[in-house]
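Chains as they are written, first to last, in my numbering: chain A, 1 to 270; chain B, 1001 to 1223.
Errors might be hidden in some of the hints.
Below are the DSBU-like pairs computed for lysine-lysine, each with C-alpha atoms no more than 35 Å apart in a straight line [what the hints assert, rightly or not]:
1. A:Lys166 to B:Lys1027
2. A:Lys39 to A:Lys123
3. B:Lys1092 to A:Lys166
4. B:Lys1049 to A:Lys166
5. A:Lys110 to A:Lys166
6. B:Lys1008 to B:Lys1114
7. A:Lys74 to A:Lys110
8. A:Lys53 to A:Lys126
9. B:Lys1114 to B:Lys1049
In case anyone wonders, no lab produced these hints; they're calculated from the structure. All values derive from a computational prediction rather than experimental measurement.
Now for the letters of each chain:
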Amino acid sequence: MTFVRNHLGLILPLFAILFSLEYLMLFDRTLSRYEVRLKEQYSVVLVAQKDVKTKSIANASSLIEKVEPIDTGKALGKLARGMDRERVEKLKAGMPAFYDVKLKRYPSGKELERLKSALLRLKGVKRVLIFEKVHDRLYGMLFFMKSNFYIFGLLVGVIGFLLIVKQMQIWQYEHRQRLQIMALFGAPLWLRSGVLFRMAVVDALIAIVAVAGVILYLPYNTEVAALMREMGVDLSALMIPRDFGLIALMGLGIALFCALWVVLRFREEL
Amino acid sequence: MPSVIQAKELKLAYPRHEPVIRNATFKVETKDFVFITGASGSGKSTLLKSMYGAMEIGGGELVVGGMDMRSLSSAKLYKLRRHLGIIFQDYKLITEWTVEKNIMLPLIIAGYPKDVCRAQAGKLLSHVKLTHKADHYPLELSGGEQQRVAMARALAHNPFLILADEPTGNLDDYSARVIWELLLRANRELETTVLVVTHHIPDMYDAQYRHLILENGVLHDIR
């Protein structure tokens, strides 16, 4: 029982830290993908009295990715059914010019307001349609999700860190007797600390495998999979092998640091 | 041949305290069996600690195994300790290790192969009459049995000097006799130098031992 407790003392906080790290990286990527999708679906429509050069519209803000004129002929298609060609042409000539303004990223409400003002300052521009209601709702939701994920991840990380600090203090107490006795019999540093380092590496490996297992299982969880489908995000595509390397490095790094800290803090009792 | 231990006007003191040992001048030669006695708190254990480098030298000289304890680097100190057999009053056994592994400790430190360590531990376990407890953990043993394990550990690597701090202080008669017999055998058969700090010299010792008494911080060689 003591053996299991000793190992869980490091495995659990390490698992919490590594999982929160991977969780943050994964959800950051998920939200970025979702943001890209939102951005692709979202556009600003500019209405001008007469044709405006697309280049001058694009230059109005660094947020603009591209500007495409909307073909008014298509818009008139249904309306012009049954009308003669001359009247249609007249109607077309009297219609304002429409432009579809695509953005580089999904903007905040303030950025959108600034963009609107910049576009309205262009000569000939009558109106700028930014569809605030839809935008604000989506942006609010995105911001809420992002903040929550970061706070949750950070909280788990902090709790994990505090547990690790506690475990280091426990180790310092638990291993003191053995380190002390081995020092009295002349054991060199590497031999004295060998048990501790071995234990740290084994615990780190268990925590790394556990985190990798949970992350790899996520796409097969029906609830997670449904949520991702809803968001239009392929979770498997977001899992990058590099993440596992990073987790392994971080897990081993933390565990070895803990062991080293205990060894270096050891002072022979006189 | 140089003395195993050589002390000249040795002074020992704990930080911010009056010296415990004010003047200790003595020599311990190879194959000597030495008892150091004295009242409680007279500094016997402190004196012993200085011999394995667990106590800073406050003044004078102390040479153990040819090494000057005043200017010993930690690497050299550990090297010296690898050739000492130390028995503590509180046993100092590693509680998460089995009895057998505890006895193997000095051999593991010396880098012997596992089978050699096992064979030597087995031999010593039979000497201290604890073969049947090889796989037990120290806390499953009585105080007397634990001290016999500590005794076996001290002998495992054939040290040139055994330092024993009240080795039979809290033991039953049987365990105490086993300890004294083994110390005597190590001294007679293996020619190991033995230095024991104790309150009473046991009856079983004949005239071939030396006796130093510590009184008011001064060591007197009385035999």
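Status of each hint after checking the structure:
1. A:Lys166 to B:Lys1027: violated (49 Å)
2. A:Lys39 to A:Lys123: holds (27 Å)
3. B:Lys1092 to A:Lys166: Distance of about 26 Å is within 35 Å: holds.
4. B:Lys1049 to A:Lys166: With a Cα-Cα distance of about 33 Å, the restraint between Lys1049 of chain B and Lys166 of chain A holds, given a limit of 35 Å.
5. A:Lys110 to A:Lys166: violated (45 Å)
6. B:Lys1008 to B:Lys1114: Roughly 42 Å separates the two Cα atoms, so the pair is violated.
7. A:Lys74 to A:Lys110: holds (33 Å)
8. A:Lys53 to A:Lys126: holds (15 Å)
9. B:Lys1114 to B:Lys1049: holds (30 Å)
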